[in-house]
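Participant: Input sequences plus hints: build the corresponding full structure.
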Amino acid sequence: MALETYWVDKLVVVDWPIRDPEGTWVPGVTVTGTVTLPPAPGGTTPMVVAEVPAEQLYRATYNPIVAGTHAVRLVATGVADGAEEATFVVRRSLVGLPPITVDPTTDIGKIRLLATDLAEDDAVFEDGQISAFLAIEGNVKRAAALAIETIATSEALVSKVLTTSDGLTTDGAKLADSLMKRAKALRDQADVEAGDPDDYGIEIVDFDQYAAYRTYL
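For the sequence shown, the working numbering begins at 1 and goes up steadily by one.
There could be a bad hint or two in this list.
[Said to hold, decoys possible] Heads up, simulated DSS-like pairs for lysine-lysine below, C-alpha to C-alpha not over 30 Å straight-line: (1) 174 with 110; (2) 174 with 184; (3) 184 with 110; (4) 110 with 181.
[Said to hold, decoys possible] Have a look at the derived ranges for each label pair, beta carbon to beta carbon: (5) 30 with 138: 42 to 52 Å; (6) 54 with 21: 22 to 32 Å; (7) 191 with 80: 19 to 29 Å.
Calculated from the structure, these hints are not laboratory results. Built from N, CA and C at the ideal position, the CB exists for glycine as well.
Facilitator: Shown next, in the form of structure tokens:
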């Protein structure tokens, strides 16, 4: 299964021709399919799977309703065992949906710029979600860090380490680690700009104004 690109509401079709070691198609296999969704809204959802004898394959379908990177896992049990994984990208439809804010003079635009979520046809977050990050964190850089942390968590869950049939490899854990470092850097910058007390050392000591003149025996 290879990486594909779809639009919201365009049916995703994954064909899996399960065969035995001799190359003969195996009918009667129990196949289940699961889609792991992008960070917003997150979670998983089942696919509809059907056996197609005329084409000697199993067909899993899913109608995407959100944009972003999705992961597919098909599992075969019963008369044959096995599993296949792949990812596909769903792009945000530009028809009938409110545009996202990318103007860097606005707080939402600044957060998108720092989180590199600027593709209008493939935005990870809606404006309302970006506004929620800002409300939670109260600071543009911290809100961008939270957005990146949310993406990192999703990458770790969705991408894992996958190698598709055409040789494309993704490593969600490594990408997530890189994203978390970027998020930490933004949080550190926000702390410095806010004058976080933890960044400075203050020590209170007793003061004796006559200590320099006192004679000790």
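Participant: If a hint holds in the structure, say so; if it does not, say that too.
Facilitator: Consistency of the hints with the structure:
no. : hint                    : verdict
1   : 174 with 110            : holds (26 Å)
2   : 174 with 184            : holds (16 Å)
3   : 184 with 110            : holds (17 Å)
4   : 110 with 181            : holds (19 Å)
5   : 30 with 138: 42 to 52 Å : holds (50 Å)
6   : 54 with 21: 22 to 32 Å  : holds (23 Å)
7   : 191 with 80: 19 to 29 Å : violated (55 Å)
Hint compliance for this structure: hint 7 alone is broken.
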